[in-house]
Amino acid sequence: MFALRSDLPLRGGGSGRFVGSLVMVLVFIAAFAVTVSAYVGALIGDWNRGVSGTLTVQVPVAAGSASDAQVAKALDVLSRHPAVAGATLVPRAKVDELLKPWIGDGVMSDLPLPALIDVEMRDAAPAAVAAVEASVKAAAPAAVIDDHRVWLDRVAGLARGIGAVAAAIIVLVTAALALTIIFATRASLTEFAQVIEILHVVGAKDGYVAGQFARRALVQAFLGGVAGLALYAPALGFVAILASRVDPEILPAVHLPPLHWAALALLPAVAGILAMLSANITVRRALSSKV
Amino acid sequence: MSPGPQAEKKSPGDTKGASSDTLSLNGVGLQYDDGPEVLADVSLTIPARSFYFLTGPSGAGKTSLLSLMYLAKRPTRGNVILFGENVTEAKRGRLAMLRRRLGVVFQDFRLLDHMTAFDNVALPLRVAGVAPNVVQRDVTELLKWVGLEDEMGKHPAALSGGQQQRVAIARAVVNRPKFILADEPTGNVDDVIALRLMLLFVEMHKIGSSVIIATHNHSLVERFAFPRLHLADGVVTQIPAGE
Ligand SMILES: Nc1ncnc2c1ncn2[C@@H]1O[C@H](COP(=O)(O)OP(=O)(O)O)[C@@H](O)[C@H]1O
Ligand SMILES: [Mg+2]
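Residue numbers (my numbering), protein chains in the order written: chain X, 1 to 291; chain A, 292 to 534.
Check each hint, because a few of them may be wrong.
With a cut-off of at most 20 angstroms between alpha-carbon atoms, the simulated SDA-like pairs for lysine to any residue come out as follows [stated by the list, open to error]:
id, chain 1, residue 1, chain 2, residue 2
1, X, Lys290, A, Asp324
2, X, Lys290, A, Asp524
3, X, Lys290, A, Asn377
I should point out that these hints are in silico values taken from the structure, not numbers from a laboratory.
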């Protein structure tokens with residue numbers, strides 16, 4: 001431990017409490033943004049793992065038995081294609097089960113559902129996917145092939161958008177923290193004008209004086225950050241409970257990565273260091289213009 | 292390599308060669324904003340190991356003159372030369388280094404209220420980066436010297452006026468200054484304490500510091516046979532001891 005002895009009163013003065021409370025709020029917000037971006041990232045990872053290297057071939061219900069013949073042809077072509085590792089017809093019961101959370105029970109058995117073929121690709125390169133698509137089309141013209149890429153791209157686009165907003169929140173919070181510290185430090189330069197004068201009289205350089213303000217800002221912002229996390233913990237717990245009640249078919253249970261927890265734990269320190277730097281620069285600038 | 296950059300630094304009005312523990316003012320003027328000159332054409336030299344009273348009517352500019360000497364202000368004209376260095380144009384960081392060889396005592400003490408007596412006295416050493424064990428030793432010794440060994444952990448608010456004054460003096464002398472500049476140090480204490488303070492200053496003088504005391508207290512000036520700098524109408528007149 002390094003001693004945080006300061007020549008300025010660490011407590012007392014309106015500016016101290018102001019900085020602490022503001023940093024508390026800012027860290028709460030930043031923590032939420034960190035969790036959102038980690039969650040979205042984990043969710044995309046999950047979907048990606050589930051979806052890449054697979055295709056779904058849909059053969060729509062047509063009048064008469066043509067559809068069954070097409071399904072058989074499609075399966076035949078797929079099972080012999082070199083880029084395909086395996087192709088299986090999804091049983092009707094499984095299709096019902098997949099759709100149940102979205103549609104509900106009652107109407108299910110009456111619905112004309114397309115036949116679904118799950119395809120595992122051996123080679124998931126776009127060219128191979130296109131080749132498979134072409135041969136399936138030739139065998140079963142009505143078939144619709146979904147490589148999930150469009151779906152995934154859109155979901156990933158949404159997720160990236162949310163991630164970008166979260167990043168913007170972090171940038172804005174950082175700027176707000178720096179501005180808070182700059183203005184609070186300017187206020188405390190006036191508040192502690194006497195102390196500064198004495199420090200100068202006894203031979204302190206501007207850097208020393210700036211260091212005193214920087215330490216003070218570090219302590220205040222760090223404590224404010226810890227309070228912000230303390231406030232965030234129950235909020236995060238609450239959301240986690242709500243999330244655990246959602247059907248996993250709709251919202252898979254995502255494990256937030258260790259990096260997320262590390263980032264949260266570091267927030268008070270980051271806020272403290274940022275505050276320290278802002279205060280230091282502010283004081284040096286203010287003093288350098290004196291005689 | 293030469294011992295240090297400042298050893299070679301050329302300054303206008305260089306007085307090196309003379310003893311460097313001197314303080315000189317050459318044609319110094321000081322003006323606040325657009326006001327009249329508080330000090331006009333002050334020239335004087337304080338040699339090493341001297342003792343002066345600084346007298347003059349209230350508002351004559353004693354505080355202003357002292358603050359030029361302890362480098363809190365720069366003259367609006369003329370030069371202040373301290374330790375052989377022209378400080379009129381010196382950088383802020385350099386002024387801080389020079390201030391470490393000065394000790395200043397104020398009439399209103401200017402102790403830091405949120406610090407103990409010990410920490411107040413330790414301040415000049417800590418600011419200069421002195422090692423903690425040396426700080427501990429020197430400050431304790433000094434507080435004993437001024438009779439405050441039992442008061443070290445108290446805050447100024449818990450001390451009497453006389454005790455606060457002694458803390459202020461201990462702070463001024465803890466870095467063994469070459470110059471002690473005191474602005475009406477006896478203004479807020481009774482005559483007995485004033486006399487004791489004077490004896491502390493005299494002791495510091497004996498062990499090698501120059502002392503300049505701005506004061507109104509005629510009985511002190513008469514009691515101690517030291518020369519005077521008399522300030523009136525912006526000009527300093529030197530008056531030998533006993534006149
Ligand atoms: N910061 C200041 N701004 C403007 N005028 C000042 C300031 N300080 C002192 N003065 C003026 O300078 C003159 C000398 O003041 P001062 O040096 O305090 O004298 P003394 O210490 O001898 O009483 C006075 O007229 C005072 O009003
Ligand atoms: Mg005065």
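Going down the list of hints, with the structure as the test:
1. X/Lys290 - A/Asp324: Holds: X/Lys290 and A/Asp324 sit about 14 angstroms apart, inside 20 angstroms.
2. X/Lys290 - A/Asp524: 28 angstroms, violated
3. X/Lys290 - A/Asn377: At roughly 18 angstroms apart (the allowed maximum being 20 angstroms), A/Asn377 and X/Lys290 satisfy the hint.
In the structure shown, a violation is registered for the earlier hint numbered 2 alone.
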